[in-house]
Structure formats: C-alpha cells, structure tokens
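Dock chain to chain to rebuild the complex, using the hints, since each chain is given by itself in its own frame.
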Amino acid sequence: MLRCVKTPTMANDPEYALIDRILAGETNLYSELVDRYKRYVFTIALKVVITRPEAEEAAQDVFIKAFQGLKRFNRQSKFSTWIYRIAFNTAISYKRKQRFQYQSIENSNIGGSEKHDESLEKTDRHKYLNAAMSRLTAADRIALTLFYLDELSLEEIAAVTGMQANTVKVRIHRARLRVATELKTILNEEALTL
Amino acid sequence: MIMKITEKQQMQLLDYLDGAMGDHERAAFEQRLRTTPELAAFCRELQAAEASARADGLQTPSRNFTAIVMANLHRNTARPTPSVYNSLLLVGGILVLVALSAILLSTGIFDQSATIEIQHPEIVKEYLKAPLPSIGVDGKVVVNIIIFLNLAIALIVLDRSVLKPFFQRRVGPGI
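Line by line, the protein sequences give chains U and Z.
End of the first sequence sits at 194 in the numbering used here; the numbers just go up one at a time, nothing left out.
End of the second sequence sits at 175 in the numbering used here; the numbers just go up one at a time, nothing left out.
None of these hints come from the bench; they were simulated from the model.
Treat each hint with caution, since some may be false.
As the list claims (entries may be wrong) - FRET-style restraints, in silico, Cβ to Cβ:
| id | chain 1 | residue 1 | chain 2 | residue 2 | range |
| --- | --- | --- | --- | --- | --- |
| 1 | U | ASP35 | Z | LEU95 | 42 to 52 angstroms |
| 2 | U | ASP124 | Z | ALA41 | 18 to 28 angstroms |
| 3 | U | ASP124 | Z | GLU30 | 24 to 34 angstroms |
| 4 | Z | GLU7 | U | LEU187 | 43 to 53 angstroms |
| 5 | U | ASN89 | Z | VAL96 | 30 to 40 angstroms |
| 6 | U | GLN76 | Z | VAL96 | 49 to 59 angstroms |
| 7 | Z | ALA48 | U | PRO53 | 25 to 35 angstroms |
| 8 | U | GLU26 | Z | ALA48 | 46 to 56 angstroms |
| 9 | Z | ALA71 | U | LEU23 | 12 to 22 angstroms |
| 10 | U | TYR16 | Z | GLY92 | 48 to 58 angstroms |
| 11 | Z | ARG26 | U | ALA17 | 39 to 49 angstroms |
| 12 | Z | GLU30 | U | GLN68 | 48 to 58 angstroms |
For each residue, glycine too, the CB sits at the ideal point set by N, CA and C.
Chain Z extracted, bound-state conformation (with noise of 0.2 angstroms):
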C-alpha cells in the first residue's frame, strides 16, 4: 500500500532538513524516516533538488557587463514600444481596414466628388467683404490618403515593435 505524505510530515521534514528541530523531535522523526519508506524517499529527492539549486548559486553575466552599463548610464531606459501581441493585433486591424477601403474604393463609392460650401450669407454679409471659396472634395483622393497613411502607420508600428527588437534580439544585448 502506498502511503500518502501529508502536509504535516512535508513542514516537519523541511525543519528536519534546516535543523530546525530539536533533539527529541529530531530523533523521533529519524525513526519516522526509517519505518516510512515514502517519507525517506521523498527526504531523498527534496535534498537532491536543494543540493542542485544551492550548487546553481549566482550566475555571471559576460565579461564587458559592467562596461556596457557604464556607457549607457545617461540613457533613456523609458520603453514605451507596445507587446508584440499588441502590435500585431494593431497591424492586423490596419490591415483589414485599409483592404475594407479598397474593396469600396474598386466599387466606386467613393467616385462622386462634393463640394464644401463655407459661404455663410450673414457672417459674410458681417465680417467679410469677399464671398469665400468653394472646396472641392474628390471621395477617392481622400479614401487614397487614408489608405496610404494607414499603410504608413501599419509599417511604423511592425517596424518599432517587432522587425527592430526581433533583430536586437538576435544581435543580441549591448551591439
């Protein structure tokens, strides 16, 4: 039958290993270790697990740590580049908008031009002595200049937040 460590005896056996344990209590969990073959297996493998960690110690970074730090003291360490994951859902997003834009585009919604009229007969009956002008809008011109600033936008943000760290990355730190 195989016979479940609980809570209690794991507490005991870790102050067993800290020698956190008095005589008596010691000794009389010695016998414990002893007469319970699960308990003394598992002492066995939380001292291979702490002697591994504990040999594991401090690890050392490379040799012009100290080097790299001093010549970067005064710089800006303010990382304001969004997630990856972020990015690329922003990417994404640009994405479809700008193919959305182009389907109506290629339909011709966007063909008829308007025009803005910012005549208004008593302000300039007021204030101004010349009627103003009339502005003309063409719909796919200002379709084409959204989707061409999207695109923009779209290669900033791959650019500064995955292609630039994906490539430091593999430079690596420091170069």
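Chain U extracted, bound-state conformation (with noise of 0.2 angstroms):
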C-alpha cells in the first residue's frame, strides 16, 4: 500500500552518531554506512543505467561522493533520502554518458543474477519485467523501485527523485499500470515468435 507517512524526527537518526565519528576522523567506520546501504544504492543505479559494470562504477561514485560530501550532509532528511538521491543523480549522468550506446533487450540486464543455479523462468522474467521497466522514464523507474522496496515514504521518494510530493502517487500508479502492459505486450510478441 502507498504509505504517505511522515518521516521520522531527524535528530534521532541513528546514522548521526556513526556521521559524526566518522567526520571525527574515524574513516574507516565508513565502511559500515557503505555495508548498509550498498545494495540499495546499486540497485537504484542499475535500474538507471542498466549495464551491472557500469551500475557497480556508479555505485562506488557515489558512495565516494558522499564520503566526500558528508560534512555538507545538513541533516534535515535521512541519511539513507540523501544517499539516494546522490545514487539517483550519479545514476542519471552516467546514463547521459552512455545515451549514444546500443541496448538491446536481450543484453539488458537490469537486476540480472548472474547465478548460473537460477531457473529459466527466473531468468526469462527478470528479462521481460526490465524489459518492461525499460520503458519508464529513469524518474518513474527508481520511484517504482523504491516504491516496490518498501522503506521510503512518499515524501522520501519525491525526494530521491526530484519529484513533487503530490505527482509521486499517480506517476506510480501510471508506472505500475504502464509495466503490466508493457509485460503483456512483451509476452505476446515472445509468444508469436515462437
């Protein structure tokens, strides 16, 4: 369900205490907050950009960014909002990078396991539901992610993803409607080349 609740009061942000060791000098306490958060933000930056290599580069950018930036985390939204919304961006300039690159359906694979163990029907609908996904806008695909992960308020994803808070709910009420089409249609072309 779209939860609309209000964010949790800033200042009892456990991160703080780890942000503020860090910032102290402890660095390599860093590694923890990297720990936590890495699958999110790779997640975030392979729904983006789709190549994993390319996902797995822009997921290191981004948490050297934020190293980087960290004494200008200002602390007024979650520590996880602020990494997100940094994935997000150096998602979306990467892909910029690599608008010009051919990509086909068949060598995007977006959230692909590249498990050789796993089934071929997990495999065939990973392909056809980012197939699908594809065809979102990058905005709409990391708010239906984020949405579908479940951990971010709506406020939190219009954040994340320089949406209007009020626009986030029908965009992914549209982005979840357009994805079953768009899957439907893709089955139905598989099936007919059958």
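Listed below in structure tokens is the structure:
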C-alpha cells in the first residue's frame, strides 16, 4: 500500500552518531554505512544505467561522493534519502554518457542475476520485467523500484527523484499500470516468435 | 465485444490490490471482477507484474565492493571528460580541418614566404637605439605545425574520451 507517512524525527536518526565519528576522523567506520546501503544504491544505479559493470562503477562513485560531501550533509533528511538522491543523480549522469550506446533487450540484464543455478523461468521473468520497466522514464523507474522495496515514504521518494510530492503517487500508479501493460505486450510478442 | 478498461477502473484496481478499499467498496469491486472478464484478466496481469517486481528486490554488487570504495575514498570523482559522441564529433571536425589543410598545402597555396616587419620608425627613434630584426614566416611550415598540433589534439581526445573509457569498461570496474 502506498504510504504517506511522516518521516521520523531527523535528530533521532541512528546514523548521525556514526557520521559524527566518521567526520571526527574514524574514516574506517564509513565501511559500515557502505555495507548498510550498498545494495540499495547499487539497485538504484542498476535501474538507471542498465548494465551491471556501469552500475557498480556508478554505485562506487556514489559512496565516494557521499564521503567527500559528508560535511555538507545538513541532516534535514535521513541519511538514506540523501544518499539515494546522490545515487539517482550519479546514475542519471552515467546514463547520459552512455546514451549513444546501443542497448538491446537481450543484453540489458538490469537486475539480472549471474547465478548459474537460477531457473530459466526466473531468468526469463527478470528479463521481461526489466524490458517492460526500461520503457519507463528513469525517474519513474526509480520511484517504482523504491515503492516496491517498501522502504521509503512518498515524500522521501519524491525527494530522491526530484518529483513534486503530490505527483509521486499518481506517477507510481501510472508506472505500475504501464509496466503491466508493457509486460503483456512483450510476452505476446515473445509468444508470436516461438 | 471487447470492453476497454477505463482509467477509473484501473485506479480502482490499484486501490484493490493495495488493500486501500473499504469492505463495501471491495465487495462491489470483486463483484465487478466476476462479471467483467477483461478487468479480471488485467487484474491477474497486474498481480503477476507486481509479484515479479517485488521478487526482483535488491540487487547485490560484487563482493569486494566495500573494499574498493574504502580504497578510493579520496579519489577525485570529477569526470570532466565529454561524452563519446561529442568527442567523436570533435575528432571528426579536426580530421576534416587537417584534410582541408593538407589539400590546400598540396596545391602550393602556402608555398610563399612572407616577412613580418616589426619596425616602427617613431618607436625605434624614440625608445630603441638599434633597429629591430625582421621575422621571416614560411607559410608551409606554419600550416604543417598547425596540422601536427591538430593531429596531436585529435589523438589525445580520442585516447581520453573514447579509447580509455572503452577499455576500462571492458576490463571492469575497480581493476
């Protein structure tokens, strides 16, 4: 269900104490933040740039940028919202660099796991879902991904994607419907080629 | 006859799947699902897509991700390199310029040499005791230098903006 909850009191964010220690010179503690958020940041990057090597590079850049800009983190939002916003912007800038490179559905393994023991059905499901999602705008794709992860409120999703808070709900609704429709179209096309 | 699902019905469907309907509204919508096969079919498609998307979940980066980040915390993340497309345009433009210069050079248009006189009678009279030397300019040499510099710039642009990123991408991140 779409949540429209008020964000928790920022002063109580448990990460602030950790950030204070990192800023005081204990930089090795930053690895805790990296470990905590690397999957989220990597997922956001992957949804935008499509290919895993680029997403990995973009996600690494995100954490390096966040570390270098940690002093400027004004604590008006949760650390997670702040770093997801950096992830979104960094991934968009990577996407701009690669926009002239040809991307086919076949080689776009957005979110595609490389585990060899994965069943063919699961791999196909990933492939078709990713192809359907790739027809959305990057902002809608991220908004939808964050919505499905069920971690952020609508206001936080709006802050990450740079959308207006009052339009996020509508855009997520439309994106959900569009993905279902696109998925159906892709599956029909696949069925015809068999 | 195929019934088109209206936008309102689509929104109701999302509310239904999100559990955002009251009991009465939910019962009425379920009744409509039973009597409208197209709506029921779309509901199944939407549920399948949502289930797939939720199952997709979080993706995991490489095992040495954290180590790579920690080793590069003080690396400069600014990437002033232009896009591959812009770089190729620039290289193409330079090569066209070089080709035109080479053609003009071969026609002998730059074969003449000139002399630049930097003497100015009044300045010499007022400030300088000895006369200034004349500078001879060989047009062919100048154009050759311009061509060489342009080729060097083209090579640098090609290396920094096209070849280097391409091979780095092939090798993989963090290596």
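A quick look at each hint next to the structure:
As the Cβ distance of U/ASP35 to Z/LEU95 is approximately 49 angstroms, the hint placing it in 42 to 52 angstroms holds. Roughly 21 angstroms separates the CB atoms of U/ASP124 and Z/ALA41, a value that falls within the hinted 18 to 28 angstroms. Under the hint 24 to 34 angstroms, the C-beta atoms of U/ASP124 and Z/GLU30, about 31 angstroms apart, fit the expected range. Taken as a hint, the range 43 to 53 angstroms is violated for the pair Z/GLU7 and U/LEU187, whose Cβ atoms sit roughly 23 angstroms apart.
As the Cβ distance of U/ASN89 to Z/VAL96 is approximately 36 angstroms, the hint placing it in 30 to 40 angstroms holds. At roughly 52 angstroms, the beta carbons of U/GLN76 and Z/VAL96 sit within the given window of 49 to 59 angstroms. For the pair Z/ALA48 and U/PRO53, the beta carbons lie near 30 angstroms from each other, so the given range of 25 to 35 angstroms is met. Evaluation of the 46 to 56 angstroms hint for U/GLU26 and Z/ALA48 yields a pass: the beta carbon distance comes to about 48 angstroms.
Here the CB-CB span from Z/ALA71 to U/LEU23 is close to 20 angstroms, well matched to the stated 12 to 22 angstroms. A hinted range of 48 to 58 angstroms for the beta carbons of U/TYR16 and Z/GLY92 is consistent with their spacing of about 52 angstroms. Range check, Z/ARG26 to U/ALA17: Cβ separation about 45 angstroms, and the 39 to 49 angstroms hint holds. Distance hint check: the CB atoms of Z/GLU30 and U/GLN68 are about 54 angstroms apart, consistent with the given range 48 to 58 angstroms.
In summary, the structure is inconsistent with hint 4 from the numbered list given earlier, while agreeing with all the others.
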